Amino acid sequence: MSIRERFSGNEAVSIAIKQINPDVMAAFPITPSTEIPQYVSSYVANGEIDTEFVAVESEHSSMSACIGAQAAGARSMTATSSCGLALMWEMLYVAASLRLPITMPVVNRALSGPININNDHSDSMGARDTGWIQMYAENAQEAYDNMIQSVRIGEHKDVLLPVMTCQDGFITSHAVENINILETEKVKAFVGEYKAEKYLLNPEENISMGPYDISAYYMEHKYQQAVSMENAKRVIAEVASEFETLSGRKYDFIEEYKMDDADFAIVIIGSSAGTAKDAVDELRNEGIKAGLVKIRIFRPFPAEEIVKALKNVKVVGIMDKAEGYSNNGGPLGAEVKAALYGNVTGVKAVNFVYGLGGRDVKIESIKTVFEQLLEVDKTGKVPAHYQYLGLRK
Amino acid sequence: MAYNFKEQMSKPERLSGGHRLCAGCGAGIAVRGVLRALKPEDKAVICSATGCLEVSTCLYPYSAWNDSFIHNAFENAGATISGSEAAYRSLKKQGKVNEDYKFIAFGGDGGTYDIGFQSLSGAMERGHDMTYVCYDNGAYMNTGIQRSSGTPMYADTTTSTVGKNSPGKMQQGKNLTEIIAAHNVAYVAQTTFMSNFKDLQMKAEKALYTPGASFLNIMAPCPRGWRYETEDIMEVCKMAVETCTWPMYEVENGKWTLNHMPKNKRPVEDYLKLQGRFKHLFKKGNEHLINDIQVGVDKNWQALLKKCEVA
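One line per chain: the protein sequences are A and B, in this order.
According to this note's numbering, the first sequence is numbered sequentially starting from 1.
According to this note's numbering, the second sequence is numbered sequentially starting from 1.
In isolation and in its complexed conformation, chain B is listed as follows (with noise of 0.2 Å):
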């Protein structure tokens, strides 16, 4: 799979531009890398979760999405996508449709690790022809940044206040990749934007078509919610991969593969502190809450290393 950058720039948006995501957001960067692994002649069915993405891309008269659409509602885009997947299915076996059809649900981490994670399970474990991402951006963003299950440890949201009484989220965020990696489904992947964009563009190509049912982990950061300049978002992905915050690794028919090896890994200060979400971390005296995030990534880290047999 040879990979060009500038041909791949150069394909036709799928995705067009216009929408009203804002400036510096992971989301919409996230949907384009996906369906530029479309082969231009395969269609595709899209569903949307609720949430900024939905809201910002469908706005009725308006859609930005130049293949169908549908957007159901927050929970549930895991069994809509899976609906219109056997609807395909019917319908090609009556000859009623003849073109290939791709089905994708994209969903971020409140319709996907919280309220639409029973959705995606039944989803995945029927095994439908179908590729759900996750944009996971850490927080529900849409309703004003409340923490998810998938927020990382002491970052700031408005239901996980830092205050005197309370440094943030307590608890780790769950590993959903690995979560989904557990239904045995034909291909797993986590990435986020890198240099070039080529593993983000290798792991929809092989979500998208591998046979069966396939789930894709975007780490895509939100200027807004973790407080970041808007044109620092390739850094703060770099340094999540850096410091094995967010490891690049897939999982194929059980085979786990470490995707990126950080040359030097870099200490989680280099990423927490390119976020306000993470400020309170660094005054002086919170010393150990950073000691306790570094401990929770390296026992990540290491655990991850050995399912993916590195030595």
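Here chain A stands alone, though its shape is the one from the complex (with noise of 0.2 Å):
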């Protein structure tokens, strides 16, 4: 039986780092992921887990003992938000490139500057590209969720990426829900034992990682990478079957929310999508046919599964808590659109800048969001460039 429990997001996260009991944890506290390492920190004092817990004197060096480590043969695990991220950034190219499956929540809070502790998506949005797996979740059950499963989705030996399972900051870091909890020795079943292929600790091999890359083969490794991003959603449906299986709740890459005859919907990640529901479910009662699609796997991007679900729809507004300084919309907004490109035809789409640093997102604002998603249908004109929702003016 599972057990139902009130929790934040962090301390979910953190409870399922507990039954995990990675063999390393290098971290740095940093608002609003702190808590993280705290009860991790805890755990350990109070014997509760046999982690070997790192305090290191930054985001820098925790990525990068995280990086000795997991290629020492370790599992292992740290957590950040927002500037700490960005500390790592070379690190985090590294982490990838050397394979090295190592699981990383990411409490969302904007970047500097300004400096601002609230929630977006500008610090993980902008380490998109580093080669990291990236998970999303609405509330703290799919974070205590989508943290077990990246632990086998990162270390399955068709891919062997890192990866971070991604929350937003006090939304979901610091309110409290009540959640399901598995049994730690269910969790402890699920994840397996680490076994690393390759790695610096194997008294019967000395191996040699991170070498001196020569144009010769470095394009052929970073092909190599690519492969197994791609082989990353094969084993991510894998594995979220299986938990399902285990837990009872179903995860995808994305998640439809009455799209099956939307004309109108919007894209979205993390926990707006749950106000953006209930906005929804209103419009639906004013006659709208409203849908939402919430993405749960930004890296690998999934395509295919966002034309399936965009095809039959007259407009939609793709949703992005992080500006891209692009002049060409944000980052979720690119790729949606490069994504519907020559799959769909007909179907509009407007993208909206919403949320930066923590600026309120209500039931209304996703409204008036629809409310121009339906004014572009009965014009037909898409405004040209993105648009800020909720800008004071």
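Wrong hints could be hidden among the right ones.
[Said to hold, decoys possible] Derived Cβ-Cβ restraints for the label pairs, each shown as a range:
#1 B/Ala23 x A/Asn46: 56 to 62 Å
#2 A/Lys157 x B/Leu258: 54 to 60 Å
#3 B/Lys11 x A/Lys157: 36 to 42 Å
#4 B/Lys93 x A/Ile214: 38 to 44 Å
#5 B/Thr257 x A/Tyr212: 34 to 40 Å
#6 A/Ser41 x B/Ile179: 25 to 31 Å
#7 A/Tyr212 x B/Gly127: 29 to 35 Å
#8 B/Leu258 x A/Tyr212: 38 to 44 Å
#9 B/Arg20 x A/Lys188: 46 to 52 Å
[Said to hold, decoys possible] Covered stretches of chain B (chain A as the covering partner; in silico rule of three or more C-beta atoms under 8 Å from a C-beta of chain A):
#10 47-60
#11 93-105
[Said to hold, decoys possible] Simulated pairs of lysine-lysine, BS3-like, Cα-Cα distance not exceeding 30 Å:
#12 A/Lys188 x B/Lys93
#13 B/Lys263 x B/Lys273
#14 B/Lys96 x A/Lys186
#15 A/Lys18 x B/Lys92
The hints are simulated quantities; they were obtained by calculation from the structure and are not laboratory data.
Please read all numbers here as calculations on a predicted model, not as lab measurements.
Just so you know, even glycine gets a beta-carbon here, dropped at the ideal spot from N, CA and C.
Once you've looked at the hints, go ahead and assemble the two chains, each given alone in its own frame, into the complex.
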């Protein structure tokens, strides 16, 4: 029997880490993810887990130490937010290219400047091309479930890539919800024991990792990484299916909400999806065929699934909780539109940037998005540029 | 600890020949010197910061390292090896690894004094059972001889260029060995290549086999950057020590020991004149610059004698 209990998102993820009992956790505090290393430190102090907790002097070192630990043959984890993730930047690429399945909860927070501790997705969206798998949670339950699945996904022999499991800072990380926790033995059995194939502490075989890679080989190595990301799609689905058997909770690359007959849809990531579902319900009561697509997996990008979900809508609003400064919309907007191009006809798309730095997103805010989608349908005119939602003028 | 030169030099190499370091380079000599101090039965995980050593010894698909080796980045050898050491503690207590491993990080002065300083300081403070070895060649040699905070005063580098308005690097090199000693780690030592390599061997052995974090600062000359004839490397090292520019000392559990007292302390010119990077100092009218260096060396030397309680 699973255990129903009240937990915040940070607690939920920490409990997942406790149940997994990683070999090494190296971490540095940063709001709003600080609680995760705090919880893990207390589990170690109380003898609840035997993880080697390394209290490093920066996030750069937490990722560097995780790379050293995972390369040595240990299941390694860290957690971070915002500027901490930015400080790891270079090491994120190294972790992925060394094919080290490190797992990392990212508690999404705006990236400076100006400094701001509240939620948006500018931190992990900036890291979208580092070669990490990215999973996003709507709530504490999903954050917990994603954390457990992330270990299996990253460590799969056809994947061997690091995974970030993202949840929204404060909104999810600090709000307390009723969630279902699996029994520890079941989690342990599900994730299994970490057995690296190639590792530094293998007494049978000394190896060199991280060589200088010349032009004659570099491109092939990058291609292998790309193939792994492709393989990750299959593995993510397999792991979700197994997890469903274990927990009864079903996960896919995207979640479709009232999309079967939707004329107007929004594509959204994270906690705002919950709010937006309420907006969809209200619009449905008003007779508007509204729907929602929530992105759970951003890397690898679920292009096919998105196309399938959106192919029959009239207008889609793509919601970015991050500015891309491309002058061409946010990262989700760009990728969804690229996925639709050549695969659907007649679907109009409008990109919105919303919720930056913790700007509140209410049901009414989402309803104004749908109002604009209806307007586009009525006039046939798509705004040339992307829109800012709720901007004070 | 008896030391037999012939025996030591006959040990199987743990850094194999055929790597691409320059002839007369100190980095390879430093690495081989440290690895000779490993007990043959002990295994090692070795990390190198980005730099000459790394790009010359581990070019895909080749590796000169006979032990397990990892290169991560320029600025994080300390943190990387501390992660591997934490992994070892975890796997050992779980019974997944039974062999004895040593953890060694190598970095040049760029990767150690400068960009990797925070990572090193953190690893030292946490007290991982590891040895960090700086092969100090006094500049960023891999990128083409740019100044570091370890570059000695008035050296000519490509970013402390000697010219009409510049006598070379304006600042004294920072004293990293003492900074690490201030971390109160188990063992800290400074050495270079002297006569039969006994000093380096003994210090490497202590660093590797003293439980906890250890730091070795090895002056490792660079023929390209320092501009000496490759065969003169031993003479350059000897003069660094005999002029007290690079004193040989160690700090064990807070106790400072001077390992070599020059019989006749030589003037700094004897060290400087061997190297092209100081050539400009010997032009007429630049005597005061040499005097500046002498004053700095003497001041540091007197302070060191005091710490070592040498009257």
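>> Hints numbered earlier in the text: which of these fail when held up against the supplied structure?
In response: none
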